[in-house]
Amino acid sequence: MPKEYMTIRDVVGPLLLVEKVTDAKYNELVELQFPDGTIGRGNVLEVTKDTALVQSFEGTRGLNTTQTRVRFLGKSMEVGVSKDILGRVFDGLGHAIDGGPDIIPEKRISIYGDPINPCARDYPEDFIQTGISSIDGLNPLVRGQKLPIFSGAGLPHPRLAAQIARQSSVLGKEEEFAVVFCAMGITFEEADYFVREFKRTAAIEKAVIFTNLADDPAVERIAAPRVALTAAEYLAFDLGMHVLVILTDMTYYCEALREVSAARKEVPGRRGYPGYLYTDLATIYERAGKIKGKKGSVTQIPILSMPEDDKTHPIPDLTGYITEGQIILSRDLHRKGIYPPVDVLPSLSRLKEKGIGTGKTREDHSSVSNQLFAAYARGKEAKELAVILGEAALSDIDKKFARFSEEFENRFIRQEDSENRSIEETLDLGWELLSRLPRVELKRVSEEHIEKYMSKFVKEEAKDEASKKLEEVNV
Amino acid sequence: MEQGTISKVSGPLVVAEGLTNAKMYDLVRVGKDRLMGEVIEIRGETASVQVYEETTGLGPGDPVFFTGEALSVELGPGLLASIYDGVQRPLNVIRDKVGDFITRGVEVSGLNREKKWEFKPTAKVGDEVSTGDILGTVQETVIIEHKIMVPPKVKGKIKEIYAGEFTVEEPIAVLEEDGREHKVKMLQKWPVRRGRPYKEKIPPDEPLISGQRVIDTFFPVAKGGTACVPGPFGSGKTVIQHQLAKWANAEIIIFIGCGERGNEMTDVLMEFPELKDPYSGEPLMKRTVLIANTSNMPVAAREASVYTGVTIGEYFRDMGYSVALQADSTSRWAEALREISGRLEEMPGEEGYPAYLGSRAAAFYERAGKTICLGKDEREGTLTVVGAVSPPGGDLSEPVTQNTLRVVKVFWGLEDQLAYQRHFPAISWLRSYSLYMDETEKYWTEKVDPEFKKLRADAMAILQREAELKEIVRLVGIEALSVNERILMETARSIREDFLQQNAFHEVDTFTSLEKQFLMLKDVMHFHEMALEAVEKGVPIKNILDAPIRERISRAKFLKEEEIGKLKDLFKDITSQFKTSNVRGEQYA
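Those sequence lines, one after another, are chains W and D.
In terms of this note's numbering, the first sequence is residues 1 to 475.
In terms of this note's numbering, the second sequence is residues 476 to 1064.
Just so you know, the hints here were simulated from the structure itself, not pulled from any lab data.
Just so you know, not all the hints are guaranteed correct.
[Said to hold, decoys possible] Subject to a maximum C-alpha distance of 30 Å in a straight line, what follows is the list of computed DSS-like cross-link-like pairs (lysine-lysine): (1) D:Lys1035 - W:Lys452; (2) W:Lys49 - D:Lys498; (3) W:Lys400 - W:Lys383; (4) D:Lys751 - D:Lys498; (5) D:Lys929 - W:Lys443; (6) D:Lys929 - W:Lys399; (7) W:Lys380 - D:Lys945; (8) W:Lys107 - D:Lys507; (9) W:Lys20 - D:Lys483; (10) D:Lys751 - W:Lys292; (11) D:Lys884 - D:Lys928; (12) D:Lys634 - D:Lys498; (13) W:Lys75 - D:Lys634; (14) W:Lys400 - D:Lys507; (15) D:Lys507 - W:Lys49; (16) W:Lys443 - D:Lys498; (17) W:Lys265 - D:Lys590; (18) W:Lys380 - D:Lys1017; (19) D:Lys572 - W:Lys294; (20) D:Lys630 - D:Lys572; (21) D:Lys572 - D:Lys660; (22) D:Lys483 - D:Lys507; (23) D:Lys634 - D:Lys590; (24) W:Lys443 - D:Lys1035.
This is chain W alone, in the form it adopts within the complex (with noise of 0.2 Å):
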């Protein structure tokens, strides 16, 4: 029988302090019972001789220092898990809330898991096709990955990350495969688009939903990854299935989490977040990866939106430090109308080298997608030269290459949101595009690879120079 404490001093914010505890434990898991009657739960922060402070996950409204009901269960948070929790919907800390009946655990987990064993774990490298061209060309993701998007107020982020959900495949390739969805702090209309995605798909069947929406307790965001992750690896590790987690928005989760460090007055680092939210957004982004030995694997897809779109806020930029890669919309090509508005200069995927070439995807990827890299990079620096100095300043090469650039981005980014390219057909429209562009720029693809893909387009654009010239006589 657990002990229960009437005997709480304190309350601040989600925090409350409870006196005269003998026994309990860092990081154990506490039950309270509000005055109303009403069961939340919360875990110990840190512990003294005589007292203890508590976060509450359910906030602590209602709650009063005299009638208050504290029990110390002993344990730290658990959640259980079954095969059964697939096609479910749960809320930040596992409990159904879709009117099903309660899962029967086969087992139940800590929710802190603990780090995979870097000897234990097993490169990613198997390559995902998205579908969508500036991801699989440029980006690539690869199982067992974490590659987050950063995104801003009002950018589709939820309309792509529920079309890599969609049409994510690995070549070749028929396995059981997942999808966890952890909403923490975002609005019901957001959540719900997720939802309904998924029941038109089919995919509900194979996903399991957390859901902490935006007018839920705060703190709960800070158990709702960590519930959503742990029946992610159950998923994974222990029926083998191929998951993607996404998690949004973690924008939310590290306001919490600063909310609480708020509240104990602890020695803030950047605008206010705690010095250790870098190790513990890593607590929560290392939970990706593969095992050796093991069939499944967990792939992540957080979520965050940038506040002011700034890349250097300590939220994208301790994530981004984290991560492996990261997929960076942009506000700019949303204007233009172009859909994903993926900024491919600086999103990144660190495990692509390894993921892609023969044998994965296509021997000249590397290169070519390099060469697209460089040349939408110089691309865009000439058009913004001539944006400053009119067109005319430009240099014959540097026109073709700002013509590129425009190219590139109506048809290589620019993509139907029910459009599932394969890899060849992202790859092939690469050379097309390169084609147009003089052939000693192209300094990143070998002559081989030129031959073999690109001479197919360079003919047909020949034609066309040759016929504008028949037009130009004409006029």
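Starting from the structure of chain W, add chain D where the hints point.
The following block gives chain D in isolation, referenced to the frame of chain W:
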């Protein structure tokens, strides 16, 4: 063993009571699981302990055991090709014991106690030996001969010395001093927070060759020197560190993954046994020690990991080897300091970092150096330290970068703008510097070519001039430049794209020997001179820019080391192409 009890737990920090003999930085065992920890503050009878493992489930009343020892590493045969966590527990052994996930309270020793090593004595009975003298050797891996030295504070006359197979704990020699006997084992222990002793420090004078063109040619680091690589995320810090670990001409590599990604360590673990060392032809893993404390592993162990690494580095330096240590990333180490400091409720300095950040960073980098080692043979060893820094938002004015720059002599500044253009390595040629130029120039002059110094200076001048001209172009357009200036702009582009850019993932391009670097740059500069000469004579600039030979210059980086002669041919062909109508064009036709 003295025992105390816990009175407070806050994250990785535990406060214990009832300890009268605790010394600063003593090792303690916390709780029933006997988690490793270290005393970092003493107030009266209470001691604050940073715990190297997850503290969930600890509470007041739990026991704390004092060991009376400082946090130490085990040194001896068996270090190479190992992968350790921050407190020298072999991760592969942990995996065998507890499975794929790291759980708490696993006690394993740093060196294998069962394995027998073939010890070959080189000293003989009757020799007077003292600290640092070599007693014998163990062929630890195919390429590294592990020298068994007389441990610190031990000396005497060799009474007995054995040959044959021994474990690290069995005696291999007996020394006699004033009638007392010392049994010498291969295993030594050394506290991580104290530098190992040496006879004398001497200035570094030889470059650490990395095979990376921008580093070797423009910003070299000396063997025994210090360097830092600050850069925002995605600018390629880790790739540079990996490249150094792969190709640097050091004999021993220590790679510390400090608070970084798990998959990166896996990458190293899977790749290094496959890759061949360009100098010895053997797998790189055979000269490498890995220390992995990934970002989700306990934060206090991260703080210890850099010291664990540097101590192992010093040990190999003491054998007379050249050691290169990479720490990726020192910012995570500093953050660990900050977290512990915050929990100790210390008065924070800048951005919440403790006021002693600067002195700690300096003390760490100061453990690098070229030394005359202890021991009769006066062998020289070097320990080069390269630290990555991850400044928040890429802002170099932050405390970790600033404190690092004050002590290191080489600065490789990474720029995200370069990375966006896929210019890798994204080392900014305008901002970076090396204070080892003079020392290394001598080496280039003697070993490669006397012309190098001038070549390098000319190329750098062009790059700097380009930056100025770019401003002008941005304001008034390319037409405002003179012909000579346009040639210069083109040459600068050529230096950037054909020389500085280097593809770490390309089979050939990943490593370039010094000689090839020299010839490549020489070809680029030769084209520049010929072009200037040609425009002087009235050749239209378009003809020069369209010269077919430029494509060959741009592909020079993909020539294999065996084909180095082709670079000399290229030099001649540049000259001849300018003499033919190819470049001179219709004007002379």
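Hints versus structure:
no.: 1; hint: D:Lys1035 - W:Lys452; result: holds, 23 Å
no.: 2; hint: W:Lys49 - D:Lys498; result: holds, 23 Å
no.: 3; hint: W:Lys400 - W:Lys383; result: holds, 10 Å
no.: 4; hint: D:Lys751 - D:Lys498; result: violated, 46 Å
no.: 5; hint: D:Lys929 - W:Lys443; result: holds, 28 Å
no.: 6; hint: D:Lys929 - W:Lys399; result: violated, 37 Å
no.: 7; hint: W:Lys380 - D:Lys945; result: holds, 15 Å
no.: 8; hint: W:Lys107 - D:Lys507; result: holds, 25 Å
no.: 9; hint: W:Lys20 - D:Lys483; result: holds, 14 Å
no.: 10; hint: D:Lys751 - W:Lys292; result: holds, 24 Å
no.: 11; hint: D:Lys884 - D:Lys928; result: holds, 20 Å
no.: 12; hint: D:Lys634 - D:Lys498; result: violated, 37 Å
no.: 13; hint: W:Lys75 - D:Lys634; result: violated, 59 Å
no.: 14; hint: W:Lys400 - D:Lys507; result: violated, 71 Å
no.: 15; hint: D:Lys507 - W:Lys49; result: holds, 17 Å
no.: 16; hint: W:Lys443 - D:Lys498; result: violated, 62 Å
no.: 17; hint: W:Lys265 - D:Lys590; result: violated, 52 Å
no.: 18; hint: W:Lys380 - D:Lys1017; result: holds, 23 Å
no.: 19; hint: D:Lys572 - W:Lys294; result: holds, 18 Å
no.: 20; hint: D:Lys630 - D:Lys572; result: violated, 39 Å
no.: 21; hint: D:Lys572 - D:Lys660; result: holds, 27 Å
no.: 22; hint: D:Lys483 - D:Lys507; result: holds, 16 Å
no.: 23; hint: D:Lys634 - D:Lys590; result: holds, 26 Å
no.: 24; hint: W:Lys443 - D:Lys1035; result: holds, 17 Å
Checked against the numbered hints listed earlier, the structure breaks hints 4, 6, 12, 13, 14, 16, 17 and 20; every other hint is satisfied.
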